[in-house]
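Undergrad: Below, each chain spelled out in residue letters.
4 protein chains.
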Amino acid sequence: MNTFGNIYRLTTAGESHGPALVGIIDGMPAGVVVDRESIDSYLALRSPGRAGVGSSSRKEPDHVEILSGMIDGQTLGTPIGFIIRNQDAHSEDYEHLAHAFRPSHADFTYHMKYGIRDYRGGGRASARETALRIVGGSFALAALLKYNVRVMAFTTQIGSVRLTRPLTELDLGDQGANIWQYTMRCPDRDTNERMEELVQRVQESGDTIGGVITCIINGLPAGIGEPVYGKFQAQLASAMMSINAVKGFDYGMGFDGVNRLGSEMNDPFVLDHQGHITTLTNHSGGIQGGITNGRAVVCRVAFKPIATLMREVETLDENGNKVILPARGRHDSCAVPRAVPVVQSMAAMVALDALLQAQSGKI
Amino acid sequence: MNTFGNIYRLTTAGESHGPALVGIIDGMPAGVVVDRESIDSYLALRSPGRAGVGSSSRKEPDHVEILSGMIDGQTLGTPIGFIIRNQDAHSEDYEHLAHAFRPSHADFTYHMKYGIRDYRGGGRASARETALRIVGGSFALAALLKYNVRVMAFTTQIGSVRLTRPLTELDLGDQGANIWQYTMRCPDRDTNERMEELVQRVQESGDTIGGVITCIINGLPAGIGEPVYGKFQAQLASAMMSINAVKGFDYGMGFDGVNRLGSEMNDPFVLDHQGHITTLTNHSGGIQGGITNGRAVVCRVAFKPIATLMREVETLDENGNKVILPARGRHDSCAVPRAVPVVQSMAAMVALDALLQAQSGKI
Amino acid sequence: MNTFGNIYRLTTAGESHGPALVGIIDGMPAGVVVDRESIDSYLALRSPGRAGVGSSSRKEPDHVEILSGMIDGQTLGTPIGFIIRNQDAHSEDYEHLAHAFRPSHADFTYHMKYGIRDYRGGGRASARETALRIVGGSFALAALLKYNVRVMAFTTQIGSVRLTRPLTELDLGDQGANIWQYTMRCPDRDTNERMEELVQRVQESGDTIGGVITCIINGLPAGIGEPVYGKFQAQLASAMMSINAVKGFDYGMGFDGVNRLGSEMNDPFVLDHQGHITTLTNHSGGIQGGITNGRAVVCRVAFKPIATLMREVETLDENGNKVILPARGRHDSCAVPRAVPVVQSMAAMVALDALLQAQSGKI
Amino acid sequence: MNTFGNIYRLTTAGESHGPALVGIIDGMPAGVVVDRESIDSYLALRSPGRAGVGSSSRKEPDHVEILSGMIDGQTLGTPIGFIIRNQDAHSEDYEHLAHAFRPSHADFTYHMKYGIRDYRGGGRASARETALRIVGGSFALAALLKYNVRVMAFTTQIGSVRLTRPLTELDLGDQGANIWQYTMRCPDRDTNERMEELVQRVQESGDTIGGVITCIINGLPAGIGEPVYGKFQAQLASAMMSINAVKGFDYGMGFDGVNRLGSEMNDPFVLDHQGHITTLTNHSGGIQGGITNGRAVVCRVAFKPIATLMREVETLDENGNKVILPARGRHDSCAVPRAVPVVQSMAAMVALDALLQAQSGKI
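Protein chains in written order, with the numbering used here: chain A, 2 to 364; chain B, 2 to 364; chain C, 2 to 364; chain D, 2 to 364.
Derived from the structure by calculation, the hints contain no laboratory data.
Hints are not guaranteed to be accurate.
For identical chains, the list gives no copy identity; a pair is met inside one copy or between any two copies.
With a straight-line cut-off of 20 Å between C-alpha atoms, the simulated SDA-like cross-links for lysine to any residue are [what the hints assert, rightly or not]:
{"hint": "1", "residue 1": "Lys363", "residue 2": "Asn7"}
{"hint": "2", "residue 1": "Lys323", "residue 2": "His100"}
{"hint": "3", "residue 1": "Lys363", "residue 2": "Tyr148"}
{"hint": "4", "residue 1": "Lys323", "residue 2": "Leu146"}
{"hint": "5", "residue 1": "Lys323", "residue 2": "Pro49"}
{"hint": "6", "residue 1": "Lys363", "residue 2": "Gly74"}
{"hint": "7", "residue 1": "Lys147", "residue 2": "Ser39"}
Taking the hints into account, I'd like the entire structure generated from these sequences.
TA: Shown next, in the form of structure tokens:
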């Protein structure tokens with residue numbers, strides 16, 4: 002299954018070292034202005050070598066070519082087909098991997114599933130596929146603007162370094178615009194610096210480290226999301242768990258809420274300045290019973306350290322023989338900063354999909 | 002959207018205080034023996050008043066009536082239609098809620114989505130719907146036996162009381178059979194007792210408390226799950242996040258893995274006694290690149306304390322007027338033990354669905 | 002796959018001689034008044050022994066029990082669960098069929114697919130399942146009223162007897178209300194009589210005969226339907242081809258248009274009395290490029306004669322041995338009149354589904 | 002909805018005069034050898050100017066570029082992304098259509114649905130999209146070979162010229178290989194000639210003409226297809242009705258069976274040479290109760306004459322003003338021969354999809 006979403010749907014194809022990545026967006030509303038060059042800028046935020054320290058040295062300009070679904074800079078309502086060529090792929094770097102299974106990579110599981118695999122750069126399992134999600138996110142974000150919905154994502158933890166300052170004190174700029182000025186995508190100068198130092202140390206030791214990205218969706222009206230099996234949080238969890246290296250998801254008080262009493266967690270209803278019903282607090286993370294309540298949707302996404310170390314590794318090949326993999330390839334020591342726009346894109350696609358679904362339900 | 006799954010699909014209907022809950026299971030393989038009475042026994046494990054202290058005093062015998070899809074105790078391959086009548090519903094208990102929004106319940110969000118709602122006992126948003134998932138899980142577990150796949154779930158945390166003993170020291174019995182002997186579904190006598198004491202204290206204060214359920218799927222072969230958007234963990238996360246009161250999900254090292262280095266987390270490949278490739282450790286939780294690797298799939302599900310307190314509550318009604326809700330109704334102070342078979346059932350459905358999907362992909 | 006539709010979805014279960022038929026309607030908009038008793042009246046139009054001559058003598062009162070999704074006669078937006086009990090099933094009539102394959106029935110194909118089957122009354126393959134579609138159609142028709150969309154179906158051919166009078170001369174009443182007064186559901190007294198005579202003759206000879214039902218959807222606005230793979234006509238064809246005994250579908254000029262020149266078939270654009278663009282003729286049957294153009298959607302559905310004859314039949318059993326099946330059971334000699342409300346119901350569900358889908362696509 | 006299929010799924014994008022057509026095939030089994038150049042040859046059979054008389058003079062070499070999902074000429078099991086560039090598009094030919102609605106084209110309905118449209122060459126509504134289906138069909142046909150399933154399609158009617166010779170007397174070659182030698186794709190020399198003469202006459206008069214394509218699927222085992230809503234014939238009908246200009250579908254005896262008695266139509270069971278159960282005749286067209294019976298699946302697809310005439314046409318523009326469209330553009334006078342590989346491709350995709358689905362249902 003290489004399609005994501007219900008009404009707004011992204012279908013992707015492409016291996017890391019094949020000729021190109023290919024995507025098709027279905028369900029994009031007509032009449033939305035989307036600027037191709039701003040997609041390239043957004044892609045650059047995910048690119049290796051752009052998101053500060055700790056990222057792979059692979060240089061891929063990541064230029065998207067839009068092949069359909071637009072006329073004169075506006076969407077047609079028909080599907081958006083697009084490709085991103087793979088240009089800086091050094092496939093010869095990977096030939097020693099043709100028959101070996103790298104530990105904690107998907108080499109072995111793809112082999113067991115398909116009996117054949119593209120071993121170059123992780124093939125389809127490579128996080129390179131997420132470049133296509135950035136394009137899907139770009140169109141979704143453009144459509145969400147028409148609903149006054151904004152999505153932002155930022156790093157709140159790298160290893161043991163946590164962002165502890167409250168949201169209101171962060172340097173988010175207008176709807177998160179300032180986040181990209183921070184190398185680690187942590188909008189607090191001091192914490193960002195400490196994260197950067199940690200990643201530098203980890204990189205020098207040839208090791209890797211994970212982290213947590215927090216994502217906030219502002220402006221969703223109350224009443225979005227499906228009860229029972231299409232709960233907004235279920236769609237969001239599924240979206241985030243589909244990102245490479247993600248191992249956990251929670252929203253609202255999440256895992257931390259386990260230690261609290263019910264009486265500490267309830268969100269009392271109050272009237273806002275305009276006399277509309279809202280909640281005083283937002284422990285619930287903007288969702289009740291799978292449906293948005295009009296408050297910000299707040300969730301967290303946990304990333305493990307990526308599996309490729311810059312060290313020699315002993316492992317097995319397809320025949321069960323021991324092989325030694327040299328310390329080669331170009332890899333991130335911390336993928337979290339590069340994943341920030343991916344998390345933002347996935348959240349944008351979920352939000353737009355849910356908004357469009359909600360429209361279908363009413364007479 | 003009231004359907005769950007791709008090949009093995011459960012569709013449900015039913016409000017908490019309507020005439021009955023209704024379910025249809027589609028995609029159940031033919032020729033599997035399923036015993037109706039054992040489903041009732043399994044339903045009893047979820048029933049209020051059965052799972053030890055802290056549960057609602059509502060007495061609902063929960064008898065499933067199978068209406069189709071079986072002949073002579075065997076499945077036909079055609080859809081299984083079934084109903085569970087609602088018998089002990091005291092709807093008059095809820096009339097004071099017809100126009101009021103209980104804090105942190107779905108009253109407000111259903112009102113905003115549909116403009117009309119069944120206010121009795123939470124209507125469709127009530128966890129009563131999960132009884133149908135137990136039936137879906139029963140059939141899935143029966144089919145999984147043919148694949149030698151077993152699923153178990155148990156409580157590993159209530160409030161601040163955590164199970165710390167390693168898995169190998171727990172009283173799981175054969176594939177978790179012993180778990181049901183423990184009131185809190187924590188298969189360690191001492192921890193279970195401390196959990197029970199905590200819940201008792203919380204209940205006496207009219208408050209509520211949450212917890213964590215761990216779920217383990219044993220016996221899945223390598224190669225199950227879809228890469229990219231239908232990753233096994235994404236399906237599992239979506240399943241768990243669709244359960245009432247669930248706020249978080251992780252698998253493998255999950256959120257705890259954020260603090261570890263990559264070098265500590267990798268799972269080296271080794272040969273097992275039969276010369277098959279497996280991994281020495283299982284930090285990955287049985288999945289790489291969205292596809293199972295043959296090791297146990299291990300995940301955690303976080304439950305918030307349920308929102309209904311046994312206390313008077315001040316809130317707003319549909320017109321924004323203040324109302325006081327008396328301390329009434331019959332509610333759990335800790336829903337976690339009753340949720341254990343629900344988590345198990347959802348995991349079983351995901352596992353069977355993924356197994357059936359994997360079959361479709363091969364020539 | 003026992004689910005039909007995308008947004009408005011009907012899932013069904015139930016064998017002909019099992020305890021009950023079970024259905025769940027998902028995606029029904031909230032706030033629509035639906036009268037349970039009028040559904041029973043509609044069900045009666047499909048019942049054996051009601052639709053004039055030529056129908057099975059099985060007497061099944063077909064009483065629908067709505068179990069969820071409604072409060073005070075209004076829909077809640079949550080799924081509608083319902084059952085229809087099987088009451089007049091004489092299963093002992095079918096025991097001689099436990100191992101025999103009736104020619105041109107689904108006995109053999111179900112056996113080959115599932116390895117097990119419910120041989121009583123055709124099991125899941127019986128047209129009895131269509132009673133559930135009538136319920137799905139009832140709710141859809143109620144919702145369509147809010148859009149001013151009306152659906153009508155009537156018999157236009159039985160064997161060689163064709164309705165030749167133009168639509169405008171038929172006794173349709175208000176939106177087809179008069180159709181049910183005609184035994185064969187042909188709203189032209191003379192043709193209906195000739196059809197009835199033909200069916201009588203066929204019945205007396207122990208044989209069966211097929212026919213054609215024409216269906217018209219009025220009031221759909223222009224712009225409904227999806228281009229390319231979800232074309233309105235593709236959804237409609239799929240709906241109709243899923244009805245028992247249907248062998249053909251066409252719309253607009255259909256198969257007859259093959260003999261015409263393009264210059265005879267085009268529908269010129271003109272302005273209507275209100276100055277809106279419409280077409281002078283409707284050779285296209287209301288659809289261009291898969292999307293409605295605002296004119297009536299007109300389609301035809303071809304039914305074969307049903308396979309069960311009131312004659313002794315020689316056939317094979319599961320082991321390839323010859324068996325003689327006596328002339329037993331209760332069967333229609335012409336199913337077409339009873340199928341008219343089924344065709345109407347399927348068209349209504351397709352129309353509502355497409356309307357709801359169209360809503361989701363716009364900002 | 003721009004995706005077709007359930008397990009084997011084709012998603013397409015692309016306007017007739019945009020930069021390229023884009024497709025993604027999902028669910029293609031791994032390890033199948035597919036030759037890119039043979040896809041180009043197959044594409045040529047659909048190309049304008051190749052399929053004999055009566056076709057548009059647009060010269061489009063239609064070269065497919067495979068961008069993913071293959072390694073060393075074999076499929077990987079991952080999605081196949083591919084593009085076909087639009088090279089011979091004379092967009093300036095269409096500027097007079099920017100605001101005019103051509104009769105019986107999709108200009109008006111796209112305008113009503115999206116409020117914006119690509120007027121060049123019919124945009125997304127152009128039959129040019131079917132080139133992508135040929136690619137989807139190519140991969141499906143390659144996979145079907147592994148199941149010994151063969152699909153053939155040929156012209157059986159153009160206007161009033163019908164193929165009347167029985168199947169066994171046709172020049173089909175091995176599994177239809179000879180069909181492509183006939184200009185009209187009618188594998189009977191005399192009938193093909195008469196069809197060609199008819200098309201020539203129609204073309205000279207600036208008019209257009211339709212026809213019927215018959216499609217046969219050989220080698221499908223018994224037990225393929227889903228009962229009730231995913232009936233094999235429903236999937237097939239939906240596939241065919243999604244092709245441009247198709248107005249009707251039937252299978253087995255189809256519309257002709259309406260005039261027959263049940264006693265003439267039944268297919269008696271007999272034993273074949275190997276002692277397996279089969280049917281003596283095949284009036285059913287290979288399907289009972291939605292499931293294949295092991296006999297050939299036989300269906301017919303009716304095409305209307307295409308709407309564009311080589312004559313001046315008076316019509317309306319977006320404002321309801323009269324406009325005269327000159328006799329321009331490059332168009333087919335009979336699209337049927339070019340549609341033969343499209344029908345074959347759609348049938349192949351349906352057959353493979355159903356085979357893969359059937360595998361998922363068994364333990």
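Undergrad: When the structure is checked against the list of hints, which entries are broken? Sort them ascending.
TA: Violated hints (numbers, rising): 4, 5; every other hint is consistent with the structure.
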